[in-house]
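A.B. asks: Construct all of the structure, not just a fragment, from the sequences and the given hints.
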Amino acid sequence: MEMAAKGESRPKHLPQPHAVDDDDDAAERTKNEGEEETITVMAHVRDKMIPVHCGFGTQQVLWLGHVAIARFDEVQQRGWLELGVPVKMVKDGKEELRMADIICDVLQNHSHVYITTSLDPTSHNHPG
Numbered sequence: 001m002e003m004a005a006k007g008e009s010r011p012k013h014l015p016q017p018h019a020v021d022d023d024d025d026a027a028e029r030t031k032n033e034g035e036e037e038t039i040t041v042m043a044h045v046r047d048k049m050i051p052v053h054c055g056f057g058t059q060q061v062l063w064l065g066h067v068a069i070a071r072f073d074e075v076q077q078r079g080w081l082e083l084g085v086p087v088k089m090v091k092d093g094k095e096e097l098r099m100a101d102i103i104c105d106v107l108q109n110h111s112h113v114y115i116t117t118s119l120d121p122t123s124h125n126h127p128g
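If you read the sequence shown in my numbering, its first letter stands for residue 1, the second for the next number, and so on.
Keep in mind that the hints are not guaranteed to be accurate.
Stated by the list, open to error - Simulated crosslink set (SDA-like; lysine to any residue; CA at most 25 Å straight-line):
| # | residue 1 | residue 2 |
| --- | --- | --- |
| 1 | Lys48 | His112 |
| 2 | Lys94 | Arg78 |
| 3 | Lys48 | Ala70 |
| 4 | Lys91 | Cys54 |
| 5 | Lys48 | Asp92 |
| 6 | Lys91 | Glu37 |
| 7 | Lys48 | Val67 |
| 8 | Lys91 | Met42 |
| 9 | Lys48 | Gln59 |
Claimed, not checked - Quick list of the computed label-pair ranges, beta carbon to beta carbon:
| # | residue 1 | residue 2 | range |
| --- | --- | --- | --- |
| 10 | Met49 | Arg78 | 11 to 21 Å |
| 11 | Arg98 | Phe56 | 16 to 26 Å |
| 12 | Glu37 | Asp120 | 29 to 39 Å |
| 13 | His53 | Met99 | 17 to 27 Å |
| 14 | Glu37 | Leu81 | 33 to 43 Å |
Derived from the structure by calculation, the hints contain no laboratory data.
By construction, the Cβ of each residue, glycine as well, lies at the ideal position given by its N, Cα and C atoms.
C.D. replies: Structure (C-alpha cells):
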C-alpha cells in the first residue's frame, strides 16, 4: 500500500478529513431540485415498450424515435438495421408529433409514444 508522504501513516487513497469552515451550513443544502422534472417516455416500437430516459427533455422528438429504435435491439443497440428510422410518432395513441418538437414542450413524464418506422411502413403500431 502506498503511503501519502514520508512520516505519515495514512494511505494515499483514503479520503482526507473534511475541514470545517464557517460557510459550511448543512441547512442550506437541498436535494436536486430538478430531479422531479426529468422525463421518461414509454416508447412503443412494434411489440415492445421501451422506456427512454430523456433527462429534462430538451432534445427533439426525432431523437426519442432514434433512441427507441436503437434500443429495440436489446443486445447490440442497433435496431435501425431492422427497423430503419422513425417516420411517424403518435402521443398517447391520439396526437401525431412533429419530429422537430421539443420533448419537454409536448410530452410529460410517462407519456406513451407509438413509433412507426421506415422499414415497417404498414405497421399499425399505435391504437385507433
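A.B. asks: Look at each hint and say if it fits the structure.
C.D. replies: Hint check results:
| no. | hint | in the structure |
| --- | --- | --- |
| 1 | Lys48 to His112 | 12 Å, holds |
| 2 | Lys94 to Arg78 | 28 Å, violated |
| 3 | Lys48 to Ala70 | 12 Å, holds |
| 4 | Lys91 to Cys54 | 15 Å, holds |
| 5 | Lys48 to Asp92 | 15 Å, holds |
| 6 | Lys91 to Glu37 | 19 Å, holds |
| 7 | Lys48 to Val67 | 13 Å, holds |
| 8 | Lys91 to Met42 | 10 Å, holds |
| 9 | Lys48 to Gln59 | 22 Å, holds |
| 10 | Met49 to Arg78: 11 to 21 Å | 19 Å, holds |
| 11 | Arg98 to Phe56: 16 to 26 Å | 19 Å, holds |
| 12 | Glu37 to Asp120: 29 to 39 Å | 33 Å, holds |
| 13 | His53 to Met99: 17 to 27 Å | 20 Å, holds |
| 14 | Glu37 to Leu81: 33 to 43 Å | 34 Å, holds |
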